[in-house]
Amino acid sequence: QSALTQPPSVSGAPGQRVTISCTGSSSNIGAGFDVHWYQQLPGTAPKLLIYTNNYRPSGVPDRFSGSKSGTSASLAITGLQAEDEADYYCQAYDSSLSGSMFGGGTKLTVL
Amino acid sequence: QVQLVESGGGVVQPGRSLRLSCAASGFTFNTYALHWVRQAPGKGLEWVAVLSYDGSIEYYADSVKGRFTISRDNSKNTLFLQMNSLTVEDTAVYYCARRASSSSTPSQVFGCFDPWGQGTLVSVSS
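Keeping their order, the protein sequence lines are chains P and B. 3 is the number of the first residue of the first sequence in the numbering used here; add one for each residue after it. 95 is the number of the first residue of the second sequence in the numbering used here; add one for each residue after it.
FYI, nobody ran anything at the bench for these hints, they're computed from the structure. Hints may contain errors.
[Unchecked claim] Quick list of simulated restraints, FRET-style, between CB atoms:
| no. | chain 1 | residue 1 | chain 2 | residue 2 | range |
| --- | --- | --- | --- | --- | --- |
| 1 | B | Ser119 | P | Leu113 | 37 to 47 Å |
| 2 | B | Ala117 | P | Ala15 | 39 to 49 Å |
| 3 | P | Tyr57 | B | Ser219 | 33 to 43 Å |
| 4 | B | Ser220 | P | Ser69 | 43 to 53 Å |
Since the model is a prediction, treat every value here as computed from it, not as a measurement. Ideal placement from N, C-alpha and C gives every residue a C-beta, glycine not left out.
Whenever a hint applies, use it, and build me the whole structure from the sequences.
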């Protein structure tokens, strides 16, 4: 199982705010390694959404934001829209694995 | 524009081998580390392997170590993944992904991934 733990699912109504957590350990997030977030729309490849904890690539709406504290990170989405319905993954380097790793993914449903 | 295009997937029997390719364009290929990431049907993302820009440094997930080999041909802007001793657990869509930032030293292989290819499906079945 993933050493980065995400809730399997979250949901919210249009216009609402939702958050997705990513809980790690002392060998990844807690060790100071950066957290990145990806959005995967149905049937498509993942897309970088947030990098280095809280930076947005150009073209990503400012409705998406990231934060990190201790051994955890969070992705927040405000002003929820139907097009935000997707799977979201956190990712970080893990020193005990000498490799990168992903959270198990969170399915966002827009009610 | 920056593009990664995977190929080589297909149906293969357990125990056999397969070689995936990832053709890159739109960027200076020999300055970026490249990764393979896979996704089993209906499952999450799993990081597989990474190779430095010059091919000198490689890392693998424990699940594929000793069976898979990542390589690259910088003269052809192509990344490869040689997969041996395949099992049903290797069934997945395989994505190649570029380290988002170029590297100034070979040890700079990790970070975030951007962009990703469209993926190629590997199905291991008897």
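Status of the hints after comparison with the structure:
no. : hint                               : verdict
1   : B:Ser119 with P:Leu113: 37 to 47 Å : holds (41 Å)
2   : B:Ala117 with P:Ala15: 39 to 49 Å  : holds (43 Å)
3   : P:Tyr57 with B:Ser219: 33 to 43 Å  : holds (42 Å)
4   : B:Ser220 with P:Ser69: 43 to 53 Å  : holds (47 Å)
The earlier numbered hints are all upheld by this structure, with none contradicted.
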